[in-house]
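J.: Sequence:
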Amino acid sequence: MTMCPVCGYRCLPDDVFDHGICPSCGTEFGYDDVTLTHEALRLEWLAKGGEWFDKSITPPSSWDPVADVVATFYKPRLASISRPVRTEFRVDKMMTDVETKVLPVAS
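To convert, note that position 94 of the sequence shown is 93 in numbering that gives the first Met the number 0; the numbers rise steadily by one, no gaps.
Everything labelled a hint here was simulated from the structure, so no lab data went into it.
Each residue gets a CB set at the ideal place from its N, CA and C atoms; glycine is no exception.
Pairwise CB distance ranges (calculated): (1) Ser-60 to Thr-34: 29 to 39 Å; (2) Ser-61 to Thr-34: 30 to 40 Å; (3) Arg-9 to Glu-38: 11 to 21 Å; (4) Arg-9 to Ser-55: 12 to 22 Å.
Let's have the full structure, built from the sequences with the hints guiding it.
T.: Structure, rendered in structure tokens:
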């Protein structure tokens, strides 16, 4: 199984990048990602509400598009910080931008 580079859904078949469609975000690989980056597609999907795309497949019970995107694509960038920090994530009202704050932990 493969992870979607747009929404982070982790149950894609390995051959999805040959014009397959992600059931979570609806990205058609080899078509949608020819003119837009995966990050641009991600923000566009979230701006439209981040809804589950394929109605014939039931999303996992733990599926949360914003939490999954933040955990998959934004938290890992902070992993290389060598001192204790606290992170806060905020998605703007239109769901078009994710703001990440890294705050020092009080000693």
